[in-house]
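**Student:** Those protein sequences? They're chains A and B, same order as listed. The first sequence maps to residues 157 to 268 in our numbering. The second sequence maps to residues 330 to 443 in our numbering.
Quick caveat, the hints were computed from the structure, so don't treat them as lab data. Watch out, some of these pointers could steer you wrong.
Said to hold, decoys possible - If you anchor each label on the Cβ, the simulated ranges turn out as follows:
1. 170/A with 374/B: 32 to 40 Å
2. 355/B with 255/A: 16 to 24 Å
3. 380/B with 186/A: 14 to 22 Å
What the hints assert, rightly or not - Below, a sample of chain B positions facing chain A; criterion: calculated Cβ distance under 10 Å:
4. 335
5. 370
6. 419
7. 424
8. 435
Every residue, glycine too, gets a C-beta built ideally from N, C-alpha and C.
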Amino acid sequence: GAGVSQSPRYKVAKRGQDVALRCDPISGHVSLFWYQQALGQGPEFLTYFQNEAQLDKSGLPSDRFFAERPEGSVSTLKIQRTQQEDSAVYLCASSPNLNEQFFGPGTRLTVL
Amino acid sequence: AQSVTQPDIHITVSEGASLELRCNYSYGATPYLFWYVQSPGQGLQLLLKYFSGDTLVQGIKGFEAEFKRSQSSFNLRKPSVHWSDAAEYFCAVGVGGATNKLIFGTGTLLAVQP
Numbered sequence: 157g158a159g160v161s162q163s164p165r166y167k168v169a170k171r172g173q174d175v176a177l178r179c180d181p182i183s184g185h186v187s188l189f190w191y192q193q194a195l196g197q198g199p200e201f202l203t204y205f206q207n208e209a210q211l212d213k214s215g216l217p218s219d220r221f222f223a224e225r226p227e228g229s230v231s232t233l234k235i236q237r238t239q240q241e242d243s244a245v246y247l248c249a250s251s252p253n254l255n256e257q258f259f260g261p262g263t264r265l266t267v268l
Numbered sequence: 330a331q332s333v334t335q336p337d338i339h340i341t342v343s344e345g346a347s348l349e350l351r352c353n354y355s356y357g358a359t360p361y362l363f364w365y366v367q368s369p370g371q372g373l374q375l376l377l378k379y380f381s382g383d384t385l386v387q388g389i390k391g392f393e394a395e396f397k398r399s400q401s402s403f404n405l406r407k408p409s410v411h412w413s414d415a416a417e418y419f420c421a422v423g424v425g426g427a428t429n430k431l432i433f434g435t436g437t438l439l440a441v442q443p
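Excised from the complex, chain A in its bound form:
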């Protein structure tokens, strides 16, 4: 079956622009996670949804970062007024049961 998909795969933004990154989880997966992976680092947790409820957003680095999952399926991570330090790969993962997370290919964001 289809895995987690993310779009776009690559995004170049000028500093100060807003961006929106999309995640399509595996159908039926209740849990959805966003992670940020800077170059040469491991992924770092950003936020977690259970269905449409955002239960943990403790990893969001600033109020410029916003995530939503309005119908409990597709999720969007929005970054406002992008800064160079936002350049990273943004990974989405979904899970049926919190015991195993299935990752998408990621969106590589480059802020110039």
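Model the placement of chain B on the given structure of chain A, informed by the hints.
**Tutor:** Relative to chain A, chain B alone:
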């Protein structure tokens, strides 16, 4: 605070040789432990996981890992490395609770020599 340490940033092994990648964690409760592999341009693929029970766990692609509570370690092993194993490997701990978000190490980049 929870953390994961992978002391080896980069490892090179010869094809056919054995492999051990080290992972140490810091977590107050019984950990959920994972090893993921990431190939260039690809997402993370789960190799294996430990939740409880037998401390030696088998995974995909011939990998295994052993949980040692006394050493707070979860090292990944493979008896004979193939060229296709060249990738970056991440150890992670699931911190449990309502989220079970993953805390990752910084990764070990594996190169395989012919």
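**Student:** State the violated hints by number, sorted upward, taking the hints as numbered earlier in the document.
**Tutor:** Hint check: nothing fails, all pass.
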